[in-house]
Amino acid sequence: MATMVLIILQLLSISSSLLSRSQAAGGNDTNDATFNRTRRVCHPWRFEKLGLNIKDFGFCNVSLGYEVRVKDLVDRMTLAEKVEQLGDNARGVARIGLPSYEWWSEALHGVSDVGNTDRKGSYFDEDVPGATSFPMVITTAASFNQSLWKAIGQVISTEARAMHNLGHAGLTFWSPNINVARDPRWGRILETPGEDPYVVGTYASNFVRGLQDVEGTENFWDLNSRPLKVAACCKHYAAYDVDNWLGVDRLHFDARVTEQDMLETFLKPFEMCVKDGDVSSVMCSYNRVNGIPTCADPKLLKGTIRGEWDLHGYIVSDCDSIEVMVDNHKWLGDEPEDAVSQTLKAGNHKFEDLGSRDICSEEHVELATRTAREGIVLLKNDNQTLPLNSHNIRTLAVVGPHANATKAMIGNYEGVPCKYTSPISGFSKYTKVVYEMGCGDVQCKNESLIFPAVAAAKRADAAVVVVGIDLSVEAESKDRVDLLLPGYQTQLVNQVAAVAKAPITLVIMSAGGIDISFAKNNPNVGAILWAGYPGEEGGRAIADVVFGHYNPGGRLPLTWHEASYVDALPMTSMPLRPIHHLGYPGRTYKFFNGSTVYPFGHGLSYTTFNHRLLAADRKLAVKLNRFQHCRRLNYTSGSRPPPCPAVSIDDLDCDGGGVAKVGFEVRVENGGERDGSEVVMVYAVPPAEVAGAPLKRLVGFEKVFVEAGRSGRVKFEVDACKSFGLVDHKGYHLLASGEHKIVIGHGPLSFPVRVEFF
1 MATMVLIILQ LLSISSSLLS RSQAAGGNDT NDATFNRTRR VCHPWRFEKL
51 GLNIKDFGFC NVSLGYEVRV KDLVDRMTLA EKVEQLGDNA RGVARIGLPS
101 YEWWSEALHG VSDVGNTDRK GSYFDEDVPG ATSFPMVITT AASFNQSLWK
151 AIGQVISTEA RAMHNLGHAG LTFWSPNINV ARDPRWGRIL ETPGEDPYVV
201 GTYASNFVRG LQDVEGTENF WDLNSRPLKV AACCKHYAAY DVDNWLGVDR
251 LHFDARVTEQ DMLETFLKPF EMCVKDGDVS SVMCSYNRVN GIPTCADPKL
301 LKGTIRGEWD LHGYIVSDCD SIEVMVDNHK WLGDEPEDAV SQTLKAGNHK
351 FEDLGSRDIC SEEHVELATR TAREGIVLLK NDNQTLPLNS HNIRTLAVVG
401 PHANATKAMI GNYEGVPCKY TSPISGFSKY TKVVYEMGCG DVQCKNESLI
451 FPAVAAAKRA DAAVVVVGID LSVEAESKDR VDLLLPGYQT QLVNQVAAVA
501 KAPITLVIMS AGGIDISFAK NNPNVGAILW AGYPGEEGGR AIADVVFGHY
551 NPGGRLPLTW HEASYVDALP MTSMPLRPIH HLGYPGRTYK FFNGSTVYPF
601 GHGLSYTTFN HRLLAADRKL AVKLNRFQHC RRLNYTSGSR PPPCPAVSID
651 DLDCDGGGVA KVGFEVRVEN GGERDGSEVV MVYAVPPAEV AGAPLKRLVG
701 FEKVFVEAGR SGRVKFEVDA CKSFGLVDHK GYHLLASGEH KIVIGHGPLS
751 FPVRVEFF
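Using the working numbering, read the sequence shown as starting at 1 and increasing by one per residue.
Bear in mind the hints are in silico, worked out from the structure with no lab data behind them. Quick caveat: nothing in here was measured; it's all calculated off a predicted structure. No residue lacks a Cβ here, since even glycine has one placed at the ideal position from N, Cα and C. Be aware that one or more of the hints could be misleading.
To be verified - Quick list of the computed label-pair ranges, beta carbon to beta carbon: (1) Lys299 to Trp221: 26 to 34 Å; (2) Arg632 to Arg91: 55 to 63 Å; (3) Asn219 to Pro641: 40 to 48 Å; (4) Ser750 to Glu707: 21 to 29 Å; (5) Arg667 to Lys299: 44 to 52 Å; (6) Ala691 to Glu81: 54 to 62 Å.
To be verified - 30 Å max Cα-Cα, derived DSSO-like pairs, lysine-lysine: (7) Lys150 to Lys55; (8) Lys661 to Lys623; (9) Lys722 to Lys150; (10) Lys350 to Lys71; (11) Lys661 to Lys722; (12) Lys715 to Lys703; (13) Lys150 to Lys120; (14) Lys703 to Lys730; (15) Lys730 to Lys619; (16) Lys419 to Lys407; (17) Lys478 to Lys501; (18) Lys741 to Lys722; (19) Lys299 to Lys275; (20) Lys71 to Lys299; (21) Lys268 to Lys55; (22) Lys275 to Lys619; (23) Lys55 to Lys120; (24) Lys478 to Lys407; (25) Lys120 to Lys71; (26) Lys82 to Lys120; (27) Lys445 to Lys407.
Let the sequences and hints guide you as you build the complete structure.
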């Protein structure tokens with residue numbers, strides 16, 4: 001019952017007039033203002049049409065508090081009517097004026113019509129033919145631009161509200177997906193911000209703020225009733241990253257996770273999404289965690305999300321996940337009614353002027369293009385192969401299975417884009433393009449198309465090969481089994497490179513990393529770009545980068561492993577730290593210390609950046625009182641523990657200023673001849689003698705634009721409790737004493753920070 005109240009309270013909180021779907025308004029008024037007024041749930045016109053007097057219903061009295069209004073509404077329903085509101089398609093109660101409502105809509109990288117073929121949620125037709133389709137999240141994350149992430153959320157919510165006003169969308173969107181990409185084989189990597197929990201959480205909080213915040217009400221006095229532009233949902237909680245791998249599927253998978261990994265990695269982005277993003281909703285996932293379905297785990301839901309993190313909203317189950325508990329997990333032998341009961345017990349502004357002109361606007365399409373440009377990563381650029389000079393290239397051969405990509409560029413959970421600009425269309429704006437497929441599709445099982453591509457490359461002044469994978473290889477319910485280019489794509493690249501007049505440019509479309517060591521080591525492949533899934537304007541963005549209209553500054557948000565990595569451990573092995581007795585390597589850059597194709601954070605530029613440390617705090621002295629006790633830590637063999645190895649972070653005054661922050665300033669110098677943006681990445685390295693600690697972990701990043709020959713300054717202030725804190729094997733959050741280190745980027749610039757207790 002408490003969950004029902006919170007759900008309805010949230011719907012009331014979305015708008016003081018309780019806006020809902022146009023179908024419930026029962027009218028076809030073409031005047032926008034009148035149309036919007038009649039769409040309000042609590043509008044006299046609606047109640048008159050139903051033969052009701054609005055004054056008789058307390059839940060429509062805006063002078064009353066939300067709690068009073070919700071109680072009045074719920075008290076009017078019968079038990080059967082309450083049950084009918086629990087699904088994603090709440091049926092409403094006509095006798096009291098409550099309309100039906102479809103809770104399920106998606107907005108992962110633009111308003112989507114996925115799952116709404118019956119037009120109960122967001123959908124497109126001749127009145128609203130499309131919406132701006134941004135790059136997939138993995139590409140957007142590669143920009144490492146926090147303000148951009150928020151701006152994208154703002155545009156998506158603007159288009160969502162405009163569609164809502166036109167009767168084509170609701171107000172609740174099950175986005176974003178913030179699961180950490182633990183394994184490179186996972187099929188849903190394209191939906192996520194990568195492998196680092198701090199990056200994922202930072203993306204989540206910024207994107208959610210963009211979706212939800214109404215300008216001027218970000219710090220509303222009552223977070224339980226603050227106005228929302230739309231309601232977001234962070235998913236899938238938690239430890240969800242196996243879809244379908246060699247017969248192991250998400251509907252049956254039991255993720256065996258240590259408390260250390262759970263707190264340190266799998267829960268961290270959700271904590272940031274709730275605490276920093278103030279998200280309205282969290283979705284529990286299909287899988288079990290340590291034997292318990294996530295949607296039935298009171299510790300994960302009620303104890304953590306509602307209790308520790310103080311969620312101001314509701315918890316929703318993934319599609320049919322309650323049914324999955326019964327039919328697939330066979331949880332406690334429950335009948336359907338029992339499963340719903342378990343889940344409930346666990347804790348499951350006016351924008352009326354927005355309309356058609358606010359969807360697919362030129363400004364929104366330009367932001368999608370900018371996002372694609374910023375997300376492109378320059379992996380290789382030998383002898384300044386790029387940028388190409390359009391004045392010197394009369395013909396450009398553009399070949400490969402993605403050379404004429406359109407729908408493949410927008411990935412999954414997609415809507416109908418405003419338009420498409422394919423790679424060959426983008427390149428055609430710079431020079432004459434000669435196009436050959438090279439492969440029939442990304443599976444590239446027929447080599448007969450390679451010869452025409454080779455012939456085209458041999459005649460042209462320069463060649464670009466656009467290869468990669470798509471949703472036929474990596475997708476929801478489809479995990480990868482290898483990290484290689486499919487079929488004859490490798491042969492295509494090598495043969496084109498062998499005959500081209502100059503070293504070729506290789507463009508990769510994918511989410512997960514691909515072992516392209518062959519191209520990395522091939523001198524005839526001069527440059528390599530990773531474009532991810534770049535959205536509706538992806539072709540334009542790729543061409544702009546290749547011809548130097550934009551200087552690439554993206555960084556890889558996940559490690560690109562060698563192909564042999566997948567043979568070293570099963571995808572179902574959940575620990576992130578190495579399992580030495582099984583020979584399993586570590587996962588993500590924090591624990592994997594082997595060779596890679598390209599490391600996390602890798603990315604080149606057409607210019608040269610240098611970092612200089614201007615000032616830094618190098619010592620952190622923490623005074624302990626008599627109620628704060630030293631804690632033990634595991635140390636490497638032969639190391640001597642200090643007198644006070646660590647202190648529980650819960651015992652420290654981290655938020656009140658009792659523990660100082662570490663401040664430092666970095667000067668970024670552009671020593672080249674081109675303007676460009678540099679991502680300054682800050683890593684914390686724990687004391688070397690602490691056993692099982694991460695090799696390093698990202699604790700801050702900023703993107704700064706610097707003109708050629710100039711310099712810029714970036715100030716950082718890292719929270720010692722968050723940035724230097726460790727989670728031990730028992731799940732305790734500890735601040736270790738000893739010499740920590742701050743590392744700037746991937747170069748030699750670093751400085752020590754000594755933590756002492758007295």
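How the hints compare with the structure:
Roughly 31 Å separates the CB atoms of Lys299 and Trp221, a value that falls within the hinted 26 to 34 Å. The hinted window of 55 to 63 Å between Arg632 and Arg91 holds, with their beta carbons roughly 57 Å apart. In this structure the hint that Asn219 and Pro641 lie 40 to 48 Å apart at CB holds, the actual value being about 44 Å. Taken as a hint, the range 21 to 29 Å holds for the pair Ser750 and Glu707, whose Cβ atoms sit roughly 27 Å apart.
In this structure, Arg667 and Lys299 meet the distance hint of 44 to 52 Å, their C-beta atoms being roughly 47 Å apart. Under the hint 54 to 62 Å, the C-beta atoms of Ala691 and Glu81, about 58 Å apart, fit the expected range. Between the alpha carbons of Lys150 and Lys55 the distance comes to roughly 41 Å, so the proposed pair goes past 30 Å and is violated. Of the supplied pair hints, the one linking Lys661 and Lys623 holds, its CA atoms being roughly 14 Å apart against a limit of 30 Å.
Distance check on the hinted pair: Lys722 and Lys150 sit about 23 Å apart at the alpha-carbon level, within 30 Å; holds. The hinted pair formed by Lys350 and Lys71 meets the criterion: a straight-line CA distance of about 24 Å does not exceed 30 Å. For the proposed pair Lys661 and Lys722, the alpha carbon gap of about 10 Å is at most 30 Å, so the pair holds. The suggested pairing of Lys715 with Lys703 holds, with an alpha-carbon distance near 12 Å, which does not exceed 30 Å.
Under the criterion of a C-alpha separation no larger than 30 Å, the hint pairing Lys150 with Lys120 is consistent with the structure, at around 28 Å. A distance of roughly 36 Å separates the Cα atoms of Lys703 and Lys730; the hinted pair therefore is violated under the 30 Å criterion. In summary, the hint linking Lys730 to Lys619 is supported, as the alpha carbons are separated by about 28 Å, within the 30 Å threshold. At most 30 Å may separate the alpha-carbon atoms for a hinted pair to count; Lys419 and Lys407 meet this at roughly 10 Å.
A C-alpha spacing of about 39 Å is found between Lys478 and Lys501, which places the hinted pair above 30 Å, so the restraint is violated. Distance restraint check for Lys741 and Lys722: the Cα-Cα separation of roughly 14 Å lies within the 30 Å cut-off, and the hinted pair is therefore satisfied. Of the pairs offered as hints, the one joining Lys299 and Lys275 holds, with about 18 Å between alpha carbons and a cut-off of 30 Å not exceeded. Of the supplied pair hints, the one linking Lys71 and Lys299 holds, its CA atoms being roughly 27 Å apart against a limit of 30 Å.
Using a Cα cut-off of 30 Å, the hinted pair Lys268 and Lys55 is violated, with the two alpha carbons roughly 47 Å apart. For the suggested pair Lys275 and Lys619, the alpha carbons sit about 29 Å apart, so the restraint of at most 30 Å is met. A distance of roughly 29 Å separates the Cα atoms of Lys55 and Lys120; the hinted pair therefore holds under the 30 Å criterion. For the suggested pair Lys478 and Lys407, the alpha carbons sit about 18 Å apart, so the restraint of at most 30 Å is met.
Between the alpha carbons of Lys120 and Lys71 the distance comes to roughly 27 Å, so the proposed pair stays at or under 30 Å and holds. With a C-alpha separation of about 20 Å, the suggested pair Lys82 and Lys120 falls inside the 30 Å cut-off, and the hint holds. Distance check on the hinted pair: Lys445 and Lys407 sit about 21 Å apart at the alpha-carbon level, within 30 Å; holds.
The earlier numbered hints that this structure contradicts are 7, 14, 17, 21.
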